[in-house]
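**Q** Single-letter residue listing:
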Amino acid sequence: MRIQIEHVSRRFGEFVALDRVSLNIESGEFLALLGPSGSGKTTLLRVIAGLERIDEGAVRFEGEDITGQSPRERNVGLVFQHYALFRHMTVFDNVAFGLRVRPRSKRLSRAEIRQRVSELLELVQIGWLAGRYPSQLSGGQRQRVALARALAVGPRTLLLDEPFGALDAKVRKELRLWLRKLHDEMGLTSIFVTHDQDEAIELADRIAVMNHGRIEQIGTPKQIYDDPANPFVYEFVGTANRFDAVAQGGQILAGSDLIGRAPRQLTDGPVTAFSRPHDISLLPAQERYGVPATIQSVTSIGGILRLKLESPASRQLIEVELSKGTWVDPDPEPGTPVRLRLGRFSVFRLPDHYPENPIYYGRQIVHVQHGVQQSDGPSKETEDNIREGPRRECGR
Amino acid sequence: MAAITEASRDPTVHLTEGAVARWALISVSVAFLVLFLVLPLAIVLVEAFRQGVTGWIEAIIAPDTRAAVFLTLLVAAVAVPLNVIFGVAAAWCVAKCRFPGKNVLVTLIDLPFSVSPVVSGLIFVLLFGAHGWFGPWLKAHGIHIIFTAAGIIIATIFVTFPFIARELIPLMQEQGTDEEEAAIVLGASGWQTFFRVTLPNIKWGLLYGVLLCNARAMGEFGAVSVVSGHIRGKTTTLPLQVEILYNEYDFTGAFAVASLLALLALLTLALKVTLEWRGRAERLAARR
Numbered sequence: 001m002r003i004q005i006e007h008v009s010r011r012f013g014e015f016v017a018l019d020r021v022s023l024n025i026e027s028g029e030f031l032a033l034l035g036p037s038g039s040g041k042t043t044l045l046r047v048i049a050g051l052e053r054i055d056e057g058a059v060r061f062e063g064e065d066i067t068g069q070s071p072r073e074r075n076v077g078l079v080f081q082h083y084a085l086f087r088h089m090t091v092f093d094n095v096a097f098g099l100r101v102r103p104r105s106k107r108l109s110r111a112e113i114r115q116r117v118s119e120l121l122e123l124v125q126i127g128w129l130a131g132r133y134p135s136q137l138s139g140g141q142r143q144r145v146a147l148a149r150a151l152a153v154g155p156r157t158l159l160l161d162e163p164f165g166a167l168d169a170k171v172r173k174e175l176r177l178w179l180r181k182l183h184d185e186m187g188l189t190s191i192f193v194t195h196d197q198d199e200a201i202e203l204a205d206r207i208a209v210m211n212h213g214r215i216e217q218i219g220t221p222k223q224i225y226d227d228p229a230n231p232f233v234y235e236f237v238g239t240a241n242r243f244d245a246v247a248q249g250g251q252i253l254a255g256s257d258l259i260g261r262a263p264r265q266l267t268d269g270p271v272t273a274f275s276r277p278h279d280i281s282l283l284p285a286q287e288r289y290g291v292p293a294t295i296q297s298v299t300s301i302g303g304i305l306r307l308k309l310e311s312p313a314s315r316q317l318i319e320v321e322l323s324k325g326t327w328v329d330p331d332p333e334p335g336t337p338v339r340l341r342l343g344r345f346s347v348f349r350l351p352d353h354y355p356e357n358p359i360y361y362g363r364q365i366v367h368v369q370h371g372v373q374q375s376d377g378p379s380k381e382t383e384d385n386i387r388e389g390p391r392r393e394c395g396r
Numbered sequence: 001m002a003a004i005t006e007a008s009r010d011p012t013v014h015l016t017e018g019a020v021a022r023w024a025l026i027s028v029s030v031a032f033l034v035l036f037l038v039l040p041l042a043i044v045l046v047e048a049f050r051q052g053v054t055g056w057i058e059a060i061i062a063p064d065t066r067a068a069v070f071l072t073l074l075v076a077a078v079a080v081p082l083n084v085i086f087g088v089a090a091a092w093c094v095a096k097c098r099f100p101g102k103n104v105l106v107t108l109i110d111l112p113f114s115v116s117p118v119v120s121g122l123i124f125v126l127l128f129g130a131h132g133w134f135g136p137w138l139k140a141h142g143i144h145i146i147f148t149a150a151g152i153i154i155a156t157i158f159v160t161f162p163f164i165a166r167e168l169i170p171l172m173q174e175q176g177t178d179e180e181e182a183a184i185v186l187g188a189s190g191w192q193t194f195f196r197v198t199l200p201n202i203k204w205g206l207l208y209g210v211l212l213c214n215a216r217a218m219g220e221f222g223a224v225s226v227v228s229g230h231i232r233g234k235t236t237t238l239p240l241q242v243e244i245l246y247n248e249y250d251f252t253g254a255f256a257v258a259s260l261l262a263l264l265a266l267l268t269l270a271l272k273v274t275l276e277w278r279g280r281a282e283r284l285a286a287r288r
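Same order as they appear, the protein sequences are chains Z and R.
Mapping of the first sequence onto this note's numbering: position 200 corresponds to residue 200, and the numbering continues sequentially without gaps.
Mapping of the second sequence onto this note's numbering: position 146 corresponds to residue 146, and the numbering continues sequentially without gaps.
Because the hints were derived from the structure by calculation, they are not lab data.
Don't take every hint at face value.
Stated by the list, open to error - Label-pair ranges, simulated between beta-carbon atoms:
hint, chain 1, residue 1, chain 2, residue 2, range
1, R, A281, Z, S109, 28 to 38 angstroms
2, R, A281, Z, G165, 43 to 53 angstroms
3, Z, S109, R, G101, 24 to 34 angstroms
4, R, K96, Z, E6, 48 to 58 angstroms
5, R, L271, Z, R60, 48 to 58 angstroms
6, R, L263, Z, Q69, 53 to 63 angstroms
Said to hold, decoys possible - Coverage of chain R stretches by chain Z, computed from C-beta distances (three or more under 8 angstroms per stretch; other residues unrestricted):
hint, stretch
7, 174–184
8, 187–198
If you're wondering where the values come from, they're calculated on a predicted model, not measured in any experiment.
Just so it is clear, CB atoms sit at the ideal spot from N, CA and C, and this is done for glycine as well.
Next comes chain R alone, as it looks inside the complex (with noise of 0.2 angstroms):
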């Protein structure tokens, strides 16, 4: 009793826990952060560099290392533009156009992310291999998809789709269709309207979801897997690489390609924070 009207006296007191419980909750978030994320980086680090700057140079210039990150960028330069069309038009049409069927659409959007990866692999593999649906059909035309470079892009256009669309619905909805009606009855055209009004406006929630976009489609593994082949220097991608590499005890090797690929993390969560602080001080001038 006495500890309470004791505590109430001075309002921080109530607030906060104390000393002990304080200090337990610190060291166990600090121990989890250390053993779950500081550790495995620093591993992925160590053992690229275990033979040294030139064994990670060499590791990483081998032909089908090589071949593995053209590749990657390859997919992502195809599949990161078509996603950001896609999504901003979709964004658009959910948060600005009223229709039937608008929240069948939006659960249509998110059904990557519910979905498992080998799923989506495999959903490919039934639509267009060789005993798919559409297989005989391609076949007869001369069309490869499975096991080809084709075939990892389509998967990695359907596991990231949502992901741009996700960030910029709710942003446009905040937005309303105001400033995009001011536009045009001032006499601005379609394409005016949007590339002097709405572009500008979500641009931050645009690049933010191009950047999450990008780090999955350069990271996905489950899907690509499945649709991928395994056919080392052709349908490699930096994920099945590391895999390729490591089930060979080429360890140093699996070690250096995975750096590239923490470093890839690092940078987008680097990015992704500055974005993050800008779109969010805009949006908080925008409201003032």
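Pulled out of the complex, with its shape left as it was, chain Z reads as follows (with noise of 0.2 angstroms):
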């Protein structure tokens, strides 16, 4: 089913959960809401699913407007984060709840009932515990049961709010899979809610990067993370590096050391280059070219090393992986001087009171500026390489 999200604002007092969202939902998609506590994500779950009200805006479901639907009309099916299920229900109760709450008139039989329940407990692969409670369950069988109470309504779009949230590593890295098949094999349109980049790059068609109640961008898991639109997609989807510069001429300088090629539209000024860890080679000290920086600490992990790096031009340290064999043996040493080369970066003009954390910085007031990519970078990022990509823990 399509969704589309129009304009969509909420506000709780002074806060605004929602700005202005616009959002398209193509039928048979999986789209993952990624950001940041408090941006906004959950609320636009919600919102889709009928529970929050909203304050301008539109939603539609194939085109028809259900703005003013109850949750009760608009069939979705909805897994709560700690999965509410019915706690005094048995959990075959409980997948039949939405079945048995029917009006009479559109009730199926008592048999057909319990078949259908039968055959969601099979999909779901907890038939053997149709007699249990909830509380006598595992937090990866309660996430089952809670999708197959969603199922049984042959719901017309499923929403997930942090469905991995309560599970530990192992598990969730298992029903994720197994997720993603039973969505592909029911033909669903899935929506869910996430803060975990990993989750959403390894799940989703699509991702849409949420901050402040905005969509910051949307894009494939690919888009999201080759080329981010802004510096707060840049460091919130996996790591980036800062550094101060200044463009001039038509090049990008730290200090007076080349970094690359200015864009053509970009005007003369300070402004600041990203740049992931693995886009970075390390040059000998005394090449002309390239930042000059500090090797702080190495840290050799299977045929990844990664080091850390001072630098004048960057007011973090900066974290840089690089492949072993791409420098000359021996590994290289903490206090050794060296020069960066930026293989592939962008360009994002900040305002002056840009934060350093990323997070809690206001979008509104930002003047982004689309930046460089310069193509003889030894970018060889493949998949593993993002999904190994730090994991940024959010601020509540």
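Mind docking these for me? Both chains are given alone in their own frames, and the hints should help you get the complex.
**A** Now the structure itself:
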């Protein structure tokens, strides 16, 4: 089912939870709403379910305006963050609930309900738990019950609020793959909320990155990671290094050292360059270009060298990931002066008071200018690199 | 110094008092309980049966006493269901809705607890009595509230209304609104949600509240005494009947009626313990 969100706003007193959000979800799509706490992603999900009223805008299912419809009428499947199973009912009764509360004219017979619930329990692989109570189940089992209960009513769309949030890491990975398979097999249109970028990247067809009640960028996981639309997305998805620089006569300079060519439309003035750890390579200190830096620490994990470096061009430590072999033996040592070549980077013009922590930055005031991408960089980022990108915990 | 090291070697030692202190504490508690709880209860029973079982039965089936039993049951039968409705509604909106003035409402619910029962009774005399605010109007329409069963019921409702709401508010707040929202998204109507999801989740708390509310409704003296007018056989409830009989030096009668109230108390206590136990077991099971 196609879902359209049109200029939807929701305020709680002074707090703007959703700020004129527009979003189209295509039929059969698996969409992730990704963002830090308080970014409005759960509110948006609840708006689609009808549990949250909106101050302005419209929600359409298949083109039909359903803004005024109650959650009862919308026929959506919703899996709550903590599952919200009916604690006084067995697994079977939980799943059957949506079928039993239908008006008599639309209700299936007892036998049909029994049949349908059994099928669903088999589908989510917990048929043997039908007689148990929620308190007797593990987290993963509860999630499957919540899913079966949501699917029982034949929903037009499946909405999931942090579906893996309450599970431990191993179960989480397993369920992720299983859920994706279920989505594909049943031909569902699904939307899920998460603050975990790995989860979004691995599961979703498209990701909508949210911040301060707005959608910062929407695109495939690859687009989001490789071509972030603005500094927030750059820093929220994956790790980003920031360099203070200036644009001057078609060049980007850190102090007097050349970083690279400036994009044509960029006017001269101070800018900030962003680059991912695996897009940076090391050059000898005597080289005449590149950002000067000093190695602080070196960690070697598997085939990857993780370096932290200090540079006058950056206010934070710079993180660099090198595949072994790109640096001549022996391994670089702490204290060694080097130069950094940014194989691939983006340039943004930030306002003066742009904070160090991207989670708290006010979006409205940022002037974003799209950056350079040099083609000759050693950008060999693979799926693996993306998945292993360090996770960032978000502030609460 | 040596004692301290000695004690710290065995981790259980410094957690319990010495034998003397322990026995002293236990004796004080037991003496207190005997003096203030067991002894009065025993005296009530002994006095009630001073003239034998027949005497007790005769005292109970005396017409005025039977009328008092009937009125007490009637008052409870009206006040408790009304307070169930009020209590559930109040707890629902306090626990599950957001609205301004919520704290004021919570404070108001507690009001009958903090007001002396006599004052509670007087409020209604001032409102509905012959010289009260609504007195002339009521009189003109031939409605009598003060010195009738209606007045007793109103006063009882006022005095007992916090019990159920107080019991349910924390319970419902703890449970949140997720399950209700889940039910509505699954297509349940408001009533279906209430009867199939909310009510089963609060049933033990509700029964507990009903029990306390009932005990108080049957045992209330102060507020009822003010509005009742003590018309024998008409507007006396059990506690008032005890007072009347006692003042008339009919000690056997007074204690016989009192023994009924004591019985009610014991029954309430037993049920209370059972309900608490069931409720706790279920809450633990739900959390596990």
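**Q** Does each hint hold? Answer for all of them.
**A** Structure-based check of each hint:
1. R:A281 with Z:S109: 28 to 38 angstroms: At 36 angstroms between Cβs, range holds.
2. R:A281 with Z:G165: 43 to 53 angstroms: violated (29 angstroms)
3. Z:S109 with R:G101: 24 to 34 angstroms: violated (48 angstroms)
4. R:K96 with Z:E6: 48 to 58 angstroms: Violated, since K96 of chain R and E6 of chain Z (Cβ atoms, about 30 angstroms apart) do not stay within the stated range.
5. R:L271 with Z:R60: 48 to 58 angstroms: holds (55 angstroms)
6. R:L263 with Z:Q69: 53 to 63 angstroms: Check passed, 56 angstroms falls within 53 to 63 angstroms.
7. 174–184: holds (count 6)
8. 187–198: holds (count 6)
Figure legend: structure checked against the earlier numbered hints; hints not met, in rising order: 2, 3, 4.
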